[in-house]
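Undergrad: Residue-level listing of the chains:
Number of protein chains: 2
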Amino acid sequence: MRAAVHRAVEELLVSDPGELTLPAVATRAGVHPTTLYRRWGSVGELLADVATSRFTGDLVVPDTGSLRGDLERWAADVAADLADPDTLALLRAAVGVGESGACACIGDREEQIGSMLDREAARGNAVPTVERATDVLLGALYYRAVFTETPGTPEWARSLVDVLLPR
Amino acid sequence: MRAAVHRAVEELLVSDPGELTLPAVATRAGVHPTTLYRRWGSVGELLADVATSRFTGDLVVPDTGSLRGDLERWAADVAADLADPDTLALLRAAVGVGESGACACIGDREEQIGSMLDREAARGNAVPTVERATDVLLGALYYRAVFTETPGTPEWARSLVDVLLPR
Numbered sequence: 001m002r003a004a005v006h007r008a009v010e011e012l013l014v015s016d017p018g019e020l021t022l023p024a025v026a027t028r029a030g031v032h033p034t035t036l037y038r039r040w041g042s043v044g045e046l047l048a049d050v051a052t053s054r055f056t057g058d059l060v061v062p063d064t065g066s067l068r069g070d071l072e073r074w075a076a077d078v079a080a081d082l083a084d085p086d087t088l089a090l091l092r093a094a095v096g097v098g099e100s101g102a103c104a105c106i107g108d109r110e111e112q113i114g115s116m117l118d119r120e121a122a123r124g125n126a127v128p129t130v131e132r133a134t135d136v137l138l139g140a141l142y143y144r145a146v147f148t149e150t151p152g153t154p155e156w157a158r159s160l161v162d163v164l165l166p167r
Numbered sequence: 001m002r003a004a005v006h007r008a009v010e011e012l013l014v015s016d017p018g019e020l021t022l023p024a025v026a027t028r029a030g031v032h033p034t035t036l037y038r039r040w041g042s043v044g045e046l047l048a049d050v051a052t053s054r055f056t057g058d059l060v061v062p063d064t065g066s067l068r069g070d071l072e073r074w075a076a077d078v079a080a081d082l083a084d085p086d087t088l089a090l091l092r093a094a095v096g097v098g099e100s101g102a103c104a105c106i107g108d109r110e111e112q113i114g115s116m117l118d119r120e121a122a123r124g125n126a127v128p129t130v131e132r133a134t135d136v137l138l139g140a141l142y143y144r145a146v147f148t149e150t151p152g153t154p155e156w157a158r159s160l161v162d163v164l165l166p167r
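So the sequence lines, in the order shown, correspond to chains A and B. Going by full-length UniProt numbering, the letters in the first sequence line up with residues 1 to 167, in that order. Going by full-length UniProt numbering, the letters in the second sequence line up with residues 1 to 167, in that order.
Hints are computed from structural coordinates only; laboratory data are not their basis. Among these hints, one or two may not hold up.
Stated by the list, open to error - If you only want the chain A side, here are some residues facing chain B, beta carbon under 10 Å, derived:
#: 1; residue: P17
#: 2; residue: S42
#: 3; residue: V95
#: 4; residue: I106
#: 5; residue: R132
#: 6; residue: L138
#: 7; residue: T148
Yeah, the Cβ is synthetic: ideal placement off N, Cα and C, and Gly gets one too.
One chain only, chain A, in its complex shape:
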């Protein structure tokens, strides 16, 4: 049932974003509206749930043997993900419903940065903080995707790692 409802939300965001209501989602998913109201309460909570699923566990944390290599590959993967129009439609809609929806669009990406930094630290090397790496990488990647019309290319995404880890 949850999968059918999530899929209905994603389809409506593409076909008819202005009509994203719980009754419309219920019709499309073939579920009684009451069930949706009971389980999610509002479109905002449902969108946050969809965003959490969508942005969690979707990227593989690279293991190239160096922090620079890991972060470069990962940043390019995030940029490619956010360049997808359907992903952006979900992201914008989730931001539109408020703080919980917006936070859900980060999923496990800060944790993924943490795990790459931890691995480098375990190799005995100095690493930036998760906060700083998040500012520089996720900040630029999400800003460019959401607030500009410039697509984030893989080359550009990799170049952000040079800002975080000057050569």
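The hints should help you fit chain B onto chain A, whose structure is shown.
TA: Then chain B, alone, in the frame of chain A:
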């Protein structure tokens, strides 16, 4: 008329964000709905117009005598602006309506970065590109405001300048 409509949008975003429709704005602004439809066409276009006004010309570009000083003061001002709940409500709603609304939330802030960099270049000093400064400063500032629950403090905002201009 435009000022009354903009004010009505800002008030509705605070009091009743789920009910932001052109008829509701018209009632609150004391304007006939047809006038709003004719001038703005949709809530999305109206929100983009309100966001453009709100985020353009609202910050003074500092002139402290050094690029570092200018950017530090300016970044702290942007962080303070984005920490305001009413500002965030407008920003989230504008992002929610799509690309034009989201882009409107940057207003003239990239141009402001450009003017600070140009002034430093005119003093004969090397400067980063506007693109890189935007990635690091606006990226982190907007990301933290929109996608996290952590407020951007003035100290944190100033510390971003050290990433862009290593000491």
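Undergrad: Now tell me if each hint is right for this structure.
TA: Results for each hint:
Interface restraint check: P17 (chain A) against chain B, minimum CB-CB distance 8 Å, threshold 10 Å, status holds. With its C-beta approaching chain B no nearer than about 9 Å, S42 (chain A) sits inside the 10 Å limit, and its interface hint holds. For the restraint placing V95 (chain A) at the interface with chain B, the shortest Cβ-Cβ distance is roughly 4 Å, inside the 10 Å limit, so the hint holds. For I106 (chain A), the interface hint holds, since its Cβ comes within 10 Å of a Cβ in chain B; the closest pair sits about 5 Å apart.
Satisfaction of the interface hint for R132 (chain A) is found here, the shortest Cβ-Cβ separation to chain B being roughly 7 Å, below the 10 Å cut-off. At its closest, the beta carbon of L138 (chain A) sits 6 Å from a beta carbon of chain B; the interface hint therefore holds under the 10 Å criterion. Among the interface hints, the one on T148 (chain A) holds; its C-beta lies about 6 Å from the nearest C-beta in chain B, closer than the 10 Å criterion.
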